[in-house]
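Let the sequences and hints guide you as you build the complete structure.
Protein chains: 6
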Amino acid sequence: MASDFRLKEQLPELTEQIVSTYTSDDSINHLGHCPLPSYTAVVDILLDLKDILYPGYKRHTNLHAGNIRYHVGGLIDSLHDQLTTQIARALRHEHRVLQNHKDCETDIDFEAKGQAMAIEMLKRIVKLREMLATDVQAAHDGDPACQTTDEVVFCYPGFEAITVYRIAHELVQLNVPFIPRMMTEWAHKETGIDIHPGATIGEYFFIDHGTGVVIGETCHIGKHVKLYQGVTLGALSFPTDADGQLIRGQKRHPTIEDEVVVYANATILGGRTVIGRESVIGSSVWITRSVSPGTTVVLEKPQLKVRGSDEPADELRPEVNYQI
Amino acid sequence: MASDFRLKEQLPELTEQIVSTYTSDDSINHLGHCPLPSYTAVVDILLDLKDILYPGYKRHTNLHAGNIRYHVGGLIDSLHDQLTTQIARALRHEHRVLQNHKDCETDIDFEAKGQAMAIEMLKRIVKLREMLATDVQAAHDGDPACQTTDEVVFCYPGFEAITVYRIAHELVQLNVPFIPRMMTEWAHKETGIDIHPGATIGEYFFIDHGTGVVIGETCHIGKHVKLYQGVTLGALSFPTDADGQLIRGQKRHPTIEDEVVVYANATILGGRTVIGRESVIGSSVWITRSVSPGTTVVLEKPQLKVRGSDEPADELRPEVNYQI
Amino acid sequence: MASDFRLKEQLPELTEQIVSTYTSDDSINHLGHCPLPSYTAVVDILLDLKDILYPGYKRHTNLHAGNIRYHVGGLIDSLHDQLTTQIARALRHEHRVLQNHKDCETDIDFEAKGQAMAIEMLKRIVKLREMLATDVQAAHDGDPACQTTDEVVFCYPGFEAITVYRIAHELVQLNVPFIPRMMTEWAHKETGIDIHPGATIGEYFFIDHGTGVVIGETCHIGKHVKLYQGVTLGALSFPTDADGQLIRGQKRHPTIEDEVVVYANATILGGRTVIGRESVIGSSVWITRSVSPGTTVVLEKPQLKVRGSDEPADELRPEVNYQI
Amino acid sequence: MASDFRLKEQLPELTEQIVSTYTSDDSINHLGHCPLPSYTAVVDILLDLKDILYPGYKRHTNLHAGNIRYHVGGLIDSLHDQLTTQIARALRHEHRVLQNHKDCETDIDFEAKGQAMAIEMLKRIVKLREMLATDVQAAHDGDPACQTTDEVVFCYPGFEAITVYRIAHELVQLNVPFIPRMMTEWAHKETGIDIHPGATIGEYFFIDHGTGVVIGETCHIGKHVKLYQGVTLGALSFPTDADGQLIRGQKRHPTIEDEVVVYANATILGGRTVIGRESVIGSSVWITRSVSPGTTVVLEKPQLKVRGSDEPADELRPEVNYQI
Amino acid sequence: MASDFRLKEQLPELTEQIVSTYTSDDSINHLGHCPLPSYTAVVDILLDLKDILYPGYKRHTNLHAGNIRYHVGGLIDSLHDQLTTQIARALRHEHRVLQNHKDCETDIDFEAKGQAMAIEMLKRIVKLREMLATDVQAAHDGDPACQTTDEVVFCYPGFEAITVYRIAHELVQLNVPFIPRMMTEWAHKETGIDIHPGATIGEYFFIDHGTGVVIGETCHIGKHVKLYQGVTLGALSFPTDADGQLIRGQKRHPTIEDEVVVYANATILGGRTVIGRESVIGSSVWITRSVSPGTTVVLEKPQLKVRGSDEPADELRPEVNYQI
Amino acid sequence: MASDFRLKEQLPELTEQIVSTYTSDDSINHLGHCPLPSYTAVVDILLDLKDILYPGYKRHTNLHAGNIRYHVGGLIDSLHDQLTTQIARALRHEHRVLQNHKDCETDIDFEAKGQAMAIEMLKRIVKLREMLATDVQAAHDGDPACQTTDEVVFCYPGFEAITVYRIAHELVQLNVPFIPRMMTEWAHKETGIDIHPGATIGEYFFIDHGTGVVIGETCHIGKHVKLYQGVTLGALSFPTDADGQLIRGQKRHPTIEDEVVVYANATILGGRTVIGRESVIGSSVWITRSVSPGTTVVLEKPQLKVRGSDEPADELRPEVNYQI
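Residue numbers (my numbering), protein chains in the order written: chain A, 1 to 324; chain B, 1001 to 1324; chain C, 2001 to 2324; chain D, 3001 to 3324; chain E, 4001 to 4324; chain F, 5001 to 5324.
It is possible that part of the hints are untrue.
[Said to hold, decoys possible] In silico DSBU-like links for lysine-lysine, alpha-carbon gap of 30 Å or less: (1) D:LYS3058 <-> F:LYS5058; (2) B:LYS1189 <-> A:LYS189; (3) C:LYS2058 <-> C:LYS2123; (4) F:LYS5058 <-> A:LYS50; (5) B:LYS1189 <-> B:LYS1127; (6) B:LYS1189 <-> A:LYS50; (7) F:LYS5058 <-> E:LYS4113; (8) A:LYS50 <-> A:LYS189; (9) A:LYS223 <-> A:LYS58; (10) B:LYS1189 <-> A:LYS58; (11) A:LYS127 <-> A:LYS58; (12) F:LYS5189 <-> E:LYS4050; (13) F:LYS5050 <-> A:LYS58; (14) C:LYS2223 <-> C:LYS2050; (15) C:LYS2058 <-> B:LYS1189; (16) D:LYS3058 <-> F:LYS5123; (17) B:LYS1058 <-> B:LYS1123; (18) F:LYS5223 <-> F:LYS5050; (19) B:LYS1189 <-> B:LYS1223; (20) F:LYS5127 <-> F:LYS5223; (21) C:LYS2050 <-> A:LYS189; (22) B:LYS1050 <-> B:LYS1223; (23) A:LYS113 <-> B:LYS1058; (24) D:LYS3189 <-> E:LYS4223; (25) F:LYS5113 <-> F:LYS5050; (26) D:LYS3050 <-> D:LYS3113; (27) A:LYS58 <-> C:LYS2123; (28) A:LYS189 <-> B:LYS1223.
Everything labelled a hint here was simulated from the structure, so no lab data went into it.
In structure tokens:
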């Protein structure tokens, strides 16, 4: 028993029908001779950069003083070429979009622009490593289950997401289009943590567990900030213009000052919301306005309904000595 | 220093012990000559379908008018064979389960049935593309951080999850067993968004960020609906029959009418719950009963406890001009 | 138009700058001749173990009585070698960390220790299978959308996370360092479910949907417990010692007794918190103290603000006949 | 500078032109739903068989008493399936050719026939190993540069070619079409030794160096025969029938009796030519008729022309004490 | 016991020593920004071309009327790009060599030239197929062991070598440098048959067995010619100019007219040597001058020395009725 | 129609039968815990060494001054480890063979010996490159069809074989067992040229075409020697001792002095045979004794039999002005 080969005869017709829907005003095809950045290549770039940022972990476990120079040099050389190509694709595509999808532009040397951006990106690796070393330290200091900084580099999803964000954020600052977002969405997929590459985040940043964390594009986050899983730093309503179109580019997300801790599933919304330094936002708290420095905000007396137990519902309120 | 090879002599005995536990009434082995659908093949089918739905993104970035026909035709041909094989496996397995795990059925031509379903599935691609184009548009219109529809196709996890759901839902409608769920669980793994393939969802659907979203099997979702991360459209308690067995197949999940927005971490439960059209459900709201059309529901006056700050707790309530 | 090769001449200098930052007191490099466990190898070990635990699913779909012995025997042989190598690496690294990063220890036969642990781990597979069979049953019995136990093994992310946890937990009990955490973080990435390998969890455990679930290191979970997505079993504040250092190793996470159900997005915090047997914790509930056995705790009367609708806000409170 | 994409517009037309040449009476296409045996699969079968014939060499170097059973069992199981499929394809194709290229035959169960042949082939492995062990011994005994029998298995091309020949010859005896020739041509490519699978060759066979050796379809070779590189055991002229068509199936190649040695580049032609036992055929000798047992045949007095040297050409004749 | 890591410290010094030998006047390095054609890419081009020339064999065994167009179209599109790139590399490299290794030329658009040549090559595929169909027929008609033309395409090394030669020869005619020779040397490696791509060979060409065949650059071979293994169509001495440099570009190899047969290991040398039509050159014959049409040339009365046999040496001469 | 699964039930029994033949006195299995060198690893070593010897060809075509150091350094580091491991395996195996197959020796540190040999081998790369540069020059100067030295490195099989021989010969001089032969047999397979790694060969060595060339273990070849395809530098009869065992280790192959040319298919045999400097050995000549310096040896007056032509057979003798 097998499939009937005569039924396959209708497949070419099916193909024609599908192909006929790939028209130029179709928003979900990208045909033509100006290829988009390659998602696979962008992910490879990330993996290569991580090999340089954290030598000896993950992909290559036999690095030592005698070979590390060769390892890094080879990666830098390859990254130069890959970044140049992909950034050039992104720039060319952005140009077309801005010019309203005209033909592929051949008068502009996007490769030269891409190369300049690629080299600048590579120059920032040393500074990136300094920044990321503070994040590792923050993770180690902030998690009682953590025994060595090696563990953080090895398997903390929060650190993974922050690493990718910091890489992507450098590209945002270099005005590289598309690719930063591709990077952070890859990290989102890997970790469940969604940090927009446009956000501004200070050193010693730590996200524990992290699944469900969302950090919006226009957030400002200070130093020594700690977030737990499920925290949303989001927008309130989006203003629209006279035509009902969303107004893009405003500060829509909150500011978190230095040394703030935000516990699991807390939601902080709004571009004018400022959480003052050294504040603590309790688990599941929902805030849409500013909080003065040094404030602790927790859910108070959740109204719970209890059945089938003799103890009064009141007893289910948070302990008096609750200390976050 | 190396491992002692004599200690390895006990491994064959270990193997025997393990193999002896693979008995016919063991729920966690699947031995025999009726193979299950291959998870890897099902994922490959999804990737191939996505290449047809969104030509020029992801895996193949050099498609143009001169080669697109060949690209699609080759994929359709291959998909026909792969779908036929995997659907036949799923049908044969379902038959065995329904017949209470008898021997492998050889009198029924599951391949012929599989082929018919496979071809029908391929015929629906054109309609699927129309539907998915509305979802792309909804994402672009609903996210101020989105600059082009290309970004949506490229890296929006919500759109990824919706794509897989819509594919899987077509298979559900064709009565293909097992495979739809394998597909949406793959998307769940990739995006953190868990949409049951049995759910019914209208056009222009948008999920932003998306991690933690759960959409149950019997949900009905209208057109132009927008969900944020952490939204649960779930069931209340499950009714059981006289024997304490769960009663399966009832409508257990809510109905969301057209143009509803549900903000982050809101929870809407129950099969009789209907969120009326153009309603807005605020962030972290928890609802188990119906809401009339045009209603805005937000958390009011969260009881927060504030310490270490001079401002009164009352000030922490939502701003008066809060607009979602 | 292409990149200018002369600009590449600065890359070797860049390489030197980066390499010069890889110093011995740098927390984010691991150079030297004592390699860390290989992440890739650890993932391969997990995949091989899953092939033995659930033969006939996933990677190999043609197993039957005539070849299963060979399949398992080959995997056991390979796992012996892989586990020995990776555990030895982990032990050697732990030794260095405990000895404060001295040179690579060569006087201790970590391979012999690794082999003993590897063989012991393999001996526990039979018992693991018994335990996991109860988890499959729990998933089937607890999900009305589930038709066969095959589906659970195939695509339930909760079951995936529990499988990896149970494997990693055995390694924790054997005092294998680092590797258990690498395993559960891999599962975290795959499923969005973060179970610390040190947690204690009884049989018939079920996590539905699961994205965002966090189960802390010192949790004690009884038998027949069911969790939904977004549930946090976490810590309250962490006590610090006189130097402000976190005190590690205390029970910081709650105890969940037998037959408890915790609905979506509930948060249970604190090492002294005990949820008594047969209790039900409702969706989005936030608890930091103990609950007697048989208690049902739900959100009562959420204060919602409703606009644009004629019905009173009060009507939005949970239905009277709400039954979880 | 890059290629001009407008020039690519002529490619679809080119494709059409090429495809239009794939007609049914075209001898160099094979289109339709009866696939030929897969060359790749046939090579994989050879590699798997060699792993069983010579365990511990080549692909798997860590085999030992504790895992060899699993290794072999897994290969046998896989070989059963692969051989069955490929033999069935070969039988179906032969049937079509014999029936003069009619449609694909579906009334005959070629899979059942293929399976029977596959199992019979696997049953012959033990006997094949006995035969091949004699060949290894012959290589070791016949080559002064050979130190261990391991070297023979590892890297002697003559032994490689003989191994493949002996496998293919068993398939010839089972009346498997096409595949034996595919196998020996693969060996031909690997070693430069072309042994027709139809030839009959006794035990203790050794080919040294081997490049250029040709052994025709109807050769009969006895035991303990040794050949060197470049030896041809070929046909004289081919008789044709009244229509000028070659008469196929006659004995066209020589018979080599036991314990004969044939040195490099010797040529022995003709179906009635018999080289009697214990004969020695010298290097570069060219023979088209029979030789009695015990005969040594060498080139005598090659007429050489010598210039630029004082010594007489006569001195260039073979040494008197020449002993092969 | 393991290697001593301190000894590895000398490796960087070793690296420096090796790298210091890569100087610009070193004939065995190719460093710089003008890459050579990629050997791997050239082989891929060959494999793709063979898939088009002989659809349904080798790599793709499931081609049929419903998918062949897509298969070929995809290959043609990809071949266009691959050929363009590799030919451009070859042209640029040739330019540098002719200009005596100056810097990489950037003023000439080698890609445009490469594209023109690539498209012209693709246009010749139809004619190539016609030519190769005659070669298949010749193999079938010339080998009594051959049952179907399928076998020829599948596994005849002579046909493989001729196929590659005919492809490469087209490129020679298009003045593509380097690549044709890379192609025929690949075929040489695969088959032991070395046909220079510059040779001229008519239709219905057949090489049987083939190992060791050498066909020189300036050979002219007519139609219906058949060669056996080990045949050399080579040069006599090479004339040198006044400086002792080889004079390149002269006709140095023989002419073989139509319907000639050359048996195994025959050697035909010299640019002025012409083998007249319908001649037969016997096995192991060595010829350096012309032969009239219709001539049969065989070794006569080889002087053999026979020992240990009673029959006279004379009897070893070729049979009277010897017919080649 | 498919294979009958019940017939597969006999496969485990078949497996047992095969495994039972793997006994300790069986010459064609290698079971146990002392693995042989890995053929795949040895080939990888060759490919890596060739990347260092000829940078910029074959596998890596984008090497330039800015990355070559990293490329080579990475390869050297990896080669150190690979060579150490494989040489240690070879030494351990040789030890067992010499000790008559006792258990695996664990008291000797073969890894330390292997490492010393590996480093010594790497130190010889610079000298190897000097030697091989002379071979490239010889190929270019000796082949009128050769336009640049690049072609030689790229695709001349003779140069490929010489490269591998020179690498393997260095290992022979370091007393590395087994591996040199594995290397040259790989080259034999690739090129049809069989050079024993024990042979001694001077600089400026060239083999043209090369298929079928055999160079024996005890050959001595001077400088500026050129060989053509099919040349055998072989042994005469092998002396045996009183027990009839081959006496191994004597000089059995000829000596070829400087600036000798040997044309296609010539055969030179015997350990005492010396071809004096600047001699020329003609095509197909067969020599078993020494030739004075400056001698040209060609086939004279081959006795040919001509039929069907009017011209006298005598005319077929070599031209008077024949000059090799």
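Hints and how they fare:
At roughly 25 Å between alpha-carbon atoms, LYS3058 (chain D) and LYS5058 (chain F) fall within 30 Å of each other, so this suggested pair holds. Pair hint LYS1189 (chain B) plus LYS189 (chain A) holds up; C-alpha atoms about 8 Å apart against a cutoff of 30 Å. At roughly 23 Å between alpha-carbon atoms, LYS2058 (chain C) and LYS2123 (chain C) fall within 30 Å of each other, so this suggested pair holds. Pair hint LYS5058 (chain F) plus LYS50 (chain A) holds up; C-alpha atoms about 29 Å apart against a cutoff of 30 Å.
A hinted pair counts as satisfied when its Cα atoms are at most 30 Å apart, and LYS1189 (chain B) with LYS1127 (chain B) qualifies at roughly 26 Å. Simply put, LYS1189 (chain B) and LYS50 (chain A) have alpha-carbon atoms about 23 Å apart, close enough for the 30 Å limit, and the pair holds. Pair hint LYS5058 (chain F) plus LYS4113 (chain E) holds up; C-alpha atoms about 24 Å apart against a cutoff of 30 Å. Proximity of LYS50 (chain A) to LYS189 (chain A) is assessed by CA-CA distance (about 17 Å); at most 30 Å being required, the pair is judged to hold.
Taking the CA atoms of LYS223 (chain A) and LYS58 (chain A), the gap is about 28 Å. The hint holds against a cut of 30 Å. For the proposed pair LYS1189 (chain B) and LYS58 (chain A), the alpha carbon gap of about 22 Å is at most 30 Å, so the pair holds. Only pairs whose Cα atoms come within 30 Å are accepted, and LYS127 (chain A) paired with LYS58 (chain A) is accepted, the gap being roughly 21 Å. Note on LYS5189 (chain F) and LYS4050 (chain E): the hinted pairing holds, with a Cα-Cα distance of about 23 Å set against a maximum of 30 Å.
Simply put, LYS5050 (chain F) and LYS58 (chain A) have alpha-carbon atoms about 29 Å apart, close enough for the 30 Å limit, and the pair holds. Distance hint between LYS2223 (chain C) and LYS2050 (chain C) is fulfilled; the C-alpha atoms sit about 23 Å from each other, no more than 30 Å. Proposed proximity of LYS2058 (chain C) and LYS1189 (chain B) is supported: the alpha carbons are some 15 Å apart, at most 30 Å. Taken as a hint, the LYS3058 (chain D) and LYS5123 (chain F) pair is honoured in the structure, with Cα atoms around 29 Å apart against an allowance of 30 Å.
Annotation: proposed proximity of LYS1058 (chain B) to LYS1123 (chain B) holds, straight-line Cα distance about 23 Å (limit 30 Å). Under the criterion of a C-alpha separation no larger than 30 Å, the hint pairing LYS5223 (chain F) with LYS5050 (chain F) is consistent with the structure, at around 23 Å. Of the pairs offered as hints, the one joining LYS1189 (chain B) and LYS1223 (chain B) holds, with about 26 Å between alpha carbons and a cut-off of 30 Å not exceeded. With a C-alpha separation of about 16 Å, the suggested pair LYS5127 (chain F) and LYS5223 (chain F) falls inside the 30 Å cut-off, and the hint holds.
With a C-alpha separation of about 23 Å, the suggested pair LYS2050 (chain C) and LYS189 (chain A) falls inside the 30 Å cut-off, and the hint holds. The straight-line distance between the Cα atoms of LYS1050 (chain B) and LYS1223 (chain B) is roughly 23 Å, inside the 30 Å bound, and the hint therefore holds. For the given pair, LYS113 (chain A) sits about 24 Å from LYS1058 (chain B) by alpha-carbon distance, which is consistent with the 30 Å threshold. Our distance criterion of 30 Å between C-alpha atoms is met by LYS3189 (chain D) and LYS4223 (chain E), whose separation comes to about 27 Å.
The straight-line distance between the Cα atoms of LYS5113 (chain F) and LYS5050 (chain F) is roughly 24 Å, inside the 30 Å bound, and the hint therefore holds. Proposed proximity of LYS3050 (chain D) and LYS3113 (chain D) is supported: the alpha carbons are some 24 Å apart, at most 30 Å. For the hint pairing LYS58 (chain A) with LYS2123 (chain C), the CA-to-CA distance comes to about 29 Å; that is within 30 Å, so the pair holds. Restraint check: the Cα-Cα separation between LYS189 (chain A) and LYS1223 (chain B) comes to about 26 Å, which is no more than 30 Å; the hinted pair holds.
In the structure shown, no violation is registered for any of the earlier numbered hints.
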